[in-house]
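*Asks:* Listed below, chain by chain, are the residues.
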Amino acid sequence: MIEVANLTKCYGDIKAVDNISFTVETGEILGFLGPNGAGKSTTMNMITGYISSTSGTVTIDGSEILEDPKNAKSKIGYLPEIPPLYIDMTVRKYLEFMFDLKGVKLPKKEHIDEVMRLVRITDKADRIIKNLSKGYRQRVGFAQALLGNPPVLILDEPTVGLDPSQIIEIRKLIKSLGKKHTVIFSSHVLSEISATCDRILVINEGKIVADAKTDQLSVVNSGQQKLSLVVEGTSSSITSELNNIPSVKKVSKQQDTGENTAKYIVFYDQDADIRREVFNAMARNNTPILDMQSGNETLEDMFLKLTSSNYAKGGKR
Amino acid sequence: MGAILKRELSAYFNSAIAYVVMAVYFFFAGLYFYFYCFESNTTSLTGVFNNMIYIILFLVPIITMKSFAEEKRQKTDQALLTAPVNLTEIVMGKFLGAYILYAICSVIFLVFAVVISFFAAPSWSVILCTFIGVLLFGAALIAINIFISVLTESMIVAAIFGMAVGFVILMMSTFTSVIPFEWLSAALEKINFITYYVNFSYGLLNITDIVFFLSFAALFIFFTVRVLEKRRWS
Chain V
1 MIEVANLTKC YGDIKAVDNI SFTVETGEIL GFLGPNGAGK STTMNMITGY
51 ISSTSGTVTI DGSEILEDPK NAKSKIGYLP EIPPLYIDMT VRKYLEFMFD
101 LKGVKLPKKE HIDEVMRLVR ITDKADRIIK NLSKGYRQRV GFAQALLGNP
151 PVLILDEPTV GLDPSQIIEI RKLIKSLGKK HTVIFSSHVL SEISATCDRI
201 LVINEGKIVA DAKTDQLSVV NSGQQKLSLV VEGTSSSITS ELNNIPSVKK
251 VSKQQDTGEN TAKYIVFYDQ DADIRREVFN AMARNNTPIL DMQSGNETLE
301 DMFLKLTSSN YAKGGKR
Chain H
1 MGAILKRELS AYFNSAIAYV VMAVYFFFAG LYFYFYCFES NTTSLTGVFN
51 NMIYIILFLV PIITMKSFAE EKRQKTDQAL LTAPVNLTEI VMGKFLGAYI
101 LYAICSVIFL VFAVVISFFA APSWSVILCT FIGVLLFGAA LIAINIFISV
151 LTESMIVAAI FGMAVGFVIL MMSTFTSVIP FEWLSAALEK INFITYYVNF
201 SYGLLNITDI VFFLSFAALF IFFTVRVLEK RRWS
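So the protein sequences, as listed, match chains V and H.
Position one of the first sequence corresponds to residue 1 (our numbering), numbered consecutively onward.
Position one of the second sequence corresponds to residue 1 (our numbering), numbered consecutively onward.
So that you can see chain V by itself, here it is in the shape it has in the complex (with noise of 0.2 Å):
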């Protein structure tokens, strides 16, 4: 549904976005995820044909979006940022205008009264935005992207300055858009993108450094923990030693960390508790524990590991 390939966004010297390439394929939700000034809204304004790339192309079902800007657009609903609205309107009459301007062919009350319904501002329909509090703007923006049905939805940051119970509802609807919509949408929370997207892309400094469907980057989600240990010894003996105990899911050795000694990282069960059972395991096998630490292996960490700068200097993808 929608391809990107190879955008690149120069600013002067500055890459702000670098030989990004993607594809996301109709019904899917990706998650854009990355720190401040990733790249994340330049890309999203370059695939909305909001500004245009320094080189490579973004093709919206079939449509290329400089090269056929009227119809890619029209297949696109797009929250910005920071939502545009016309803050002297209200609701109705704001949602009257962008139905025009986008060149809708529905029934306009009842699909306005729709989007509205879907969004829960129907009781605001007739105030004036300048009125409304950050949390229903955001939702009018919302309203706003999703007239006339897009089959290509680009949310940036959809839900900054909602309340908690309005996150979850905005979550929701996002979720169930997904089941008719293409929907690309960014956050930097990242409890957020793994309870919502299918996929998720991490970029950072205008590069892609992980593209990963979201059970597969986080082991928070398959319920196990981990722990990581560096022990002294013969590895295959300590691998085997490991593995031999109960609820014990996966053992791997991460790195030598000096003359015979080694990480390892184990994974195992999210209700069990194992530091006990190794310490023995590891003292009948005569290979000391240097050091043992535990925790869940997050997203937050993933995320750090990736978007830190070394790892992106590293080259690794």
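Misleading hints may appear alongside valid ones.
Cβ pair distances, simulated, as ranges [as the list claims (entries may be wrong)]:
| id | chain 1 | residue 1 | chain 2 | residue 2 | range |
| --- | --- | --- | --- | --- | --- |
| 1 | H | N206 | V | P107 | 48 to 54 Å |
| 2 | V | K175 | H | K75 | 23 to 29 Å |
| 3 | V | G12 | H | A23 | 58 to 64 Å |
| 4 | H | S215 | V | P35 | 23 to 29 Å |
| 5 | H | R232 | V | I245 | 58 to 64 Å |
| 6 | H | I17 | V | L66 | 32 to 38 Å |
| 7 | H | K230 | V | K172 | 37 to 43 Å |
| 8 | V | K109 | H | T195 | 17 to 23 Å |
| 9 | V | A272 | H | K75 | 49 to 55 Å |
Just so you know, the hints here were simulated from the structure itself, not pulled from any lab data.
Just so we're clear, the structure is a prediction, and the values are computed from it rather than from any experiment.
Every residue, glycine too, gets a C-beta built ideally from N, C-alpha and C.
We have chain V; now place chain H onto it with these hints.
*Replies:* Positioned in the frame of chain V, the structure of chain H alone reads:
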């Protein structure tokens, strides 16, 4: 384009701008009408027209200052530029919105002519000709000011810059007379709005004058589109 035009008009008429502009315009038009027609007992509106130029040059920047400057500041240009409409349609919508407000103001001249006709027969051909001149002059001026508005993010800057340009237009003859380079003063005289406008107020309908104002309007609408286009690429 229709949607943008409709919104522009509702923005003008749902805020104080349209009413303030109309009030100032009508006040000065009425004042000049009183001085030039009633005090000096004439049916000629030429004096009124010629003096209204000053007011128009200062009011048009007020009408257009919001058009793009405010969109950019409020980030609403994102909605326009990502909607399936092309840039020319956006600019034309903005232009026509401002132009319709300007035209509504200008209708006061026809009202004056009707008022005069109760006392003595006015020269309708001269009045209509001047009215056409006002409309054409306004088209060029609004296009220039919309172009100024697209260059900045601040309404105030747009308004002040627009007024400065208006002042230059007004003083063009004075400038050209003191420029020592003959080729430059001759060239500037060729784009002196006032010389073209004056012909209308004498009742002359020259094709040159009409083409001059229309091409000026078209040129600056084109420039505005190019600025919007260029911004996306830089």
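*Asks:* All hints are to be evaluated individually against the structure, with a verdict given for each.
*Replies:* Comparing the hints with the structure gives:
1. In this structure the hint that N206 of chain H and P107 of chain V lie 48 to 54 Å apart at CB holds, the actual value being about 51 Å.
2. Hint check: K175 of chain V to K75 of chain H, Cβ distance near 27 Å, so the stated range 23 to 29 Å holds.
3. Checking the proposed 58 to 64 Å range against G12 of chain V and A23 of chain H shows it is violated: the Cβ atoms sit about 48 Å from each other.
4. With their beta carbons about 51 Å apart, S215 of chain H and P35 of chain V fall outside the hinted range of 23 to 29 Å.
5. Restraint check, R232 of chain H to I245 of chain V: a C-beta distance of roughly 60 Å satisfies the suggested window 58 to 64 Å.
6. For the pair I17 of chain H and L66 of chain V, the beta carbons lie near 36 Å from each other, so the given range of 32 to 38 Å is met.
7. The beta-carbon spacing between K230 of chain H and K172 of chain V, approximately 42 Å, falls within the hinted interval of 37 to 43 Å.
8. Checked against the hint of 17 to 23 Å, the pair K109 of chain V and T195 of chain H fails, with Cβ atoms roughly 53 Å apart.
9. For the hinted restraint 49 to 55 Å between A272 of chain V and K75 of chain H, the CB-CB distance of approximately 51 Å keeps it satisfied.
Consistency note: the structure conflicts with the earlier hints numbered 3, 4, 8.
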